[in-house]
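Add chain G to chain A, keeping to what the hints say.
So the protein sequences, as listed, match chains A and G.
Residue numbering for the first sequence follows our numbering, beginning at 1 and increasing consecutively.
Residue numbering for the second sequence follows our numbering, beginning at 1001 and increasing consecutively.
FYI, nobody ran anything at the bench for these hints, they're computed from the structure.
The model shown is predicted, which means the values in this text are computed figures rather than measured ones.
There may be inaccurate statements among the hints.
[To be verified] Calculated pairs, DSS-like style, for lysine-lysine (alpha carbon to alpha carbon, straight line, at most 27 Å):
#, chain 1, residue 1, chain 2, residue 2
1, G, LYS1042, G, LYS1002
2, G, LYS1067, G, LYS1056
3, G, LYS1042, A, LYS13
4, G, LYS1002, G, LYS1070
5, A, LYS57, G, LYS1042
6, G, LYS1042, G, LYS1056
7, A, LYS13, A, LYS57
8, G, LYS1070, A, LYS57
9, G, LYS1070, G, LYS1056
10, G, LYS1002, G, LYS1067
11, G, LYS1002, G, LYS1056
12, G, LYS1002, A, LYS57
[Claimed, not checked] Not close to chain G: a few residues of chain A, all C-beta gaps over 12 Å, as computed:
#, residue
13, THR14
14, GLY16
15, GLN17
16, SER27
17, PRO61
18, ARG67
19, LEU83
20, LEU112
21, LEU115
[Unchecked claim] Covered stretches of chain A, as calculated for chain G (at least 3 residues, CB under 8 Å):
#, segment
22, 36–48
23, 52–59
24, 87–101
Ideal Cβ positions, reconstructed from N, Cα and C, are used throughout, including at glycine.
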Amino acid sequence: KAGVTQTPRYLIKTRGQQVTLSCSPISGHRSVSWYQQTPGQGLQFLFEYFSETQRNKGNFPGRFSGRQFSNSRSEMNVSTLELGDSALYLCASSMTSGFSYNEQFFGPGTRLTVL
Amino acid sequence: QKEVEQDPGPLSVPEGAIVSLNCTYSNSAFQYFMWYRQYSRKGPELLMYTYSSGNKEDGRFTAQVDKSSKYISLFIRDSQPSDSATYLCAMRSAGGTSYGKLTFGQGTILTVHP
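Looking at chain A on its own, in the form it has when it is part of the complex (with noise of 0.2 Å):
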């Protein structure tokens, strides 16, 4: 069974461009969650979707965006970058979403560099 997959894995962008980061689940996983990675504040929680439906959101900027598709393919967006941006950003896809616990499977991630 193929693995989450994030693409494209490395991206440099300047400040002030957009850039969007695409996810593909487990086969048959319909939720995905994406994380940002940075040596200071660690890993953190951006946002949650399911069937289509962003069903949580961590503390970031409204400048950070996502959407889910139909085959539950995920996309986040970032605008207006900053170099506080540059990260590592994870996602990480799970069968479904709910109260109770669901293994999250993460992706390799796409290491974004802004200048």
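Coordinates of chain G only, in the frame set by chain A:
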């Protein structure tokens, strides 16, 4: 103050040593406790999952959760060079605000030298 505190190390041990990794947390709503391992240039992979308080063992790995003290631990016995990685604790509460959200510690960098 962060909801989950984890000593970032780095921790360096000889092969065969017993490794103890720990996290403390402040949110009493956390019900699900996980340990992830992350190798360089890879995403985190789940090692252990525990619900509420108690111990869980899987091969060389033992996870402990003490909710009364808000403290969780991961023990690695007979550590191997292949165990060299960053170890992340993660937690999740039950309820609507927890959908898809794991709260992570900073991660501890572990090196096991031959």
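Subject >> Violating hint indices (sorted, rising) >> reply: Structure breaks no hint.
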